[in-house]
Each structure stands twice: as structure tokens, then as C-alpha cells.
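Just so you know, the protein sequences line up as chains A and F, in that order.
Everything in the first sequence is counted per the numbering used here, starting at 447 for the first residue and increasing by one.
Everything in the second sequence is counted per the numbering used here, starting at 249 for the first residue and increasing by one.
Any given hint could turn out to be false.
Restricting the straight-line Cα-Cα distance to at most 27 Å, the calculated cross-link-like pairs of lysine-lysine (DSSO-like) are [to be verified]:
| hint | chain 1 | residue 1 | chain 2 | residue 2 |
| --- | --- | --- | --- | --- |
| 1 | F | K286 | F | K360 |
| 2 | F | K355 | F | K274 |
| 3 | A | K494 | F | K251 |
| 4 | F | K274 | A | K494 |
| 5 | A | K581 | F | K250 |
| 6 | A | K581 | F | K354 |
| 7 | F | K274 | F | K360 |
| 8 | A | K494 | F | K250 |
| 9 | F | K274 | F | K286 |
| 10 | F | K251 | A | K574 |
| 11 | F | K251 | A | K581 |
| 12 | F | K355 | F | K292 |
| 13 | F | K292 | F | K250 |
| 14 | F | K413 | A | K574 |
FYI, nobody ran anything at the bench for these hints, they're computed from the structure.
What you are looking at is a predicted structure, and each value in this text was computed from that prediction instead of being measured.
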Amino acid sequence: MTRCFWLGLITLIGLCVSTSYAMEVLEFKSTEDQQRFRLLTEELRCPKCQNQNLEDSNAGIAIDLRNQIYTMINEGQTSEEIVDYMVARYGEFVLYRPVHDQSTAILWYGPFALLLIGAVIFVLVMVKNQRRINKDS
Amino acid sequence: MKKLLFFIPFIAFVALGVVFYQQLGKDTQYMPSALIGKPMPEFKLINMDTDAVVDNTAMPNESYLLNFWATWCPSCSAEHAYLGELAQQGVNIVGVDYKDETPAAKKWLAEKGNPYSLVLLDEMGHFGVDMGITGAPETFVVSAEGTVLYRHQGVVDPEVWQTLKEYMQ
């Protein structure tokens with residue numbers, strides 16, 4: 447009985463593994479291309495389900511865009527060309543790594559500005575305390 | 249001066265409150281179209297009625313609505329009757345049958361009425377990607393010169409039409 451159960455479980459696991467593999471078989475010309483596909487689908491955002499990237503999403507449009515990227519990679523287009531293609535159609539919105547420009551300046555440099563302000567306040571407080579200690583002693 | 253410093257957290261709180269309050273009620277799914285103000289992308293699609301391949305020159309010489317729809321899309325069914333009303337009012341609507349099966353689409357139009365002056369078949373969804381759509385239904389306002397003026401994602405209803413109408417002029 448237990449043997450039957452284990453056999454069944456192993457078969458089940460085997461089935462799951464084989465089907466998940468079957469979904470992901472994409473033939474690339476080189477491992478470099480495969481890496482590029484990985485990177486692009488990770489860094490491009492699915493325009494439909496906005497908190498997922500193209501790799502994670504199973505929305506119809508994400509599947510279409512993944513196929514489009516796959517085709518473009520096999521056509522030998524550079525990653526830059528592919529990103530430009532997506533931005534031309536879906537806007538800078540699809541970039542999980544936003545471009546550096548005026549509208550995103552706060553996003554990129556705001557934390558450093560805050561850090562700097564914090565550091566200045568920290569130093570000011572330190573100096574003040576030091577002075578007080580010196581005066582007291 | 250010293251006392252003023254104690255108010256910094258309060259001032260920061262008020263400032264954040266104002267920022268957050270302004271964001272309330274906004275559609276978080278809203279995504280501006282990258283095509284606004286740009287000419288419509290070039291296309292070659294099949295005209296459902298004539299089976300002929302048509303391109304941008306076949307588009308109307310007046311401002312029109314470009315409506316992406318499909319028989320598999322429940323919301324398209326919901327907006328269909330209203331599109332019919334708009335067509336009767338004289339609004340030129342071009343339909344794009346998006347990633348659909350043509351026989352089913354023909355049957356749907358025969359049953360529900362056809363509000364479109366022209367129906368294009370985008371079976372593979374490539375034109376949809378060129379237009380930057382994320383699903384169906386989506387409706388664009390396109391000018392007589394072929395410039396994309398506005399994009400609406402979702403069902404067109406009387407309220408949405410008020411906005412679209414302004415862009416049609």
C-alpha cells in the first residue's frame with residue numbers, strides 16, 4: 447500500500463517537472479542570447495499586470511511580448527533595440543529601471559539628497575554635543 | 249527658533265498628507281499611451297468584409313474612434329450596444345478584431361449589429377502591440393490626419409464618451 451503511494455507520488459512529481467520543462471523550451475542561438483532574453487523579460491514590466499515583469503506574468507499581452515522579444519533576439523537585434531521597440535509602444539512605463547532624466551531625477555537622486563541632509567544634521571548635532579561636553583568639563 | 253524645530257515632524261506630516269490626499273481616488277491602473285500626438289503606426293491588415301489587404305490610406309478622412317474588440321472579451325460585449333448608438337449618431341468607428349477567430353467575429357457582428365465603418369483583422373495581435381494595447385476593449389481617438397489623440401482602456405460608456413467627444417473635434 448505504502449509502496450503504491452510512493453510510486454504514485456514519484457510519478458506525479460515527474461509529471462509536474464516534465465510539463466514545466468515543456469513550457470519553457472525556447473531554442474536560442476547562443477547561451478548569451480538566452481541570458482539576454484532572461485535579462486530583458488526580467489527588466490521589462492508587463493503593461494497589463496503592473497506589478498509583475500514579463501517573465502512572471504501570464505497575461506495574454508505578456509506572452510505576446512515575450513514571444514516578440516524572443517523573435518527579435520533570434521533575428522539578431524541588440525538588447526537596446528528591443529528596449530527601444532517596447533518603449534516606443536508602451537512608454538517608459540515598461541522599464542523597471544527608469545531612465546535618468548528630469549522627471550525621474552527625484553527618484554534617482556532624492557535618496558542621496560536625503561542622506562546628505564541627514565549626514566549634515568548628524569554632524570551638527572555631534573559638534574554641538576562635543577562643545578557642550580567641553581564647556582561642562 | 250528652538251521651538252520651531254519641534255514643529256518639523258508636524259510640517260512633514262502635513263506635507264505628506266497633502267501629497268497622499270491628491271493621489272486618492274486616482275486610477276492606479278492608468279497608463280498613458282506612448283502614441284499620443286504621434287501618427288498612427290503603419291499597418292497592413294485584412295478588411296473583414298472584402299478580404300483585401302488595406303493600409304493606413306484606407307482610414308477615414310475625418311476624426312474617428314479606433315476600437316479594439318474581440319468575441320472572447322466580455323467587456324466588449326458590454327460596450328457593443330453603446331458603440332451602436334454612437335454609430336447611429338454619426339460617429340465613425342473603425343473596429344479592430346483583436347486576436348480573434350474571424351468566423352466567430354462575423355457571427356457576432358451579424359447577431360449584435362455592426363457599428364463599424366470598417367473592420368480590420370489583427371489575428372496575431374501585432375497591430376495591437378504596435379498600438380501599445382494591453383488587452384481589449386481599448387478605444388483610441390484618431391484625427392483626420394491620422395494622429396493618435398487619446399486612448400481609453402476599458403468599456404466606452406456615456407461618461408467616457410464625454411471625454412472622447414472633446415478629442416474628436
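Against the structure, the hints come out as follows:
1. F:K286 - F:K360: Cα-Cα ~33 Å, so violated.
2. F:K355 - F:K274: Cα-Cα ~38 Å, so violated.
3. A:K494 - F:K251: violated, 50 Å
4. F:K274 - A:K494: holds, 17 Å
5. A:K581 - F:K250: Holds - the C-alpha atoms of F:K250 and A:K581 are around 20 Å apart, at most 27 Å.
6. A:K581 - F:K354: Violated - the C-alpha atoms of F:K354 and A:K581 are around 91 Å apart, more than 27 Å.
7. F:K274 - F:K360: Violated. F:K274 to F:K360 sits at ~34 Å, over the 27 Å cutoff.
8. A:K494 - F:K250: violated, 51 Å
9. F:K274 - F:K286: Given pair F:K274, F:K286 holds - Cα atoms ~26 Å apart, limit 27 Å.
10. F:K251 - A:K574: holds, 17 Å
11. F:K251 - A:K581: holds, 23 Å
12. F:K355 - F:K292: holds, 24 Å
13. F:K292 - F:K250: violated, 71 Å
14. F:K413 - A:K574: Violated, at roughly 64 Å.
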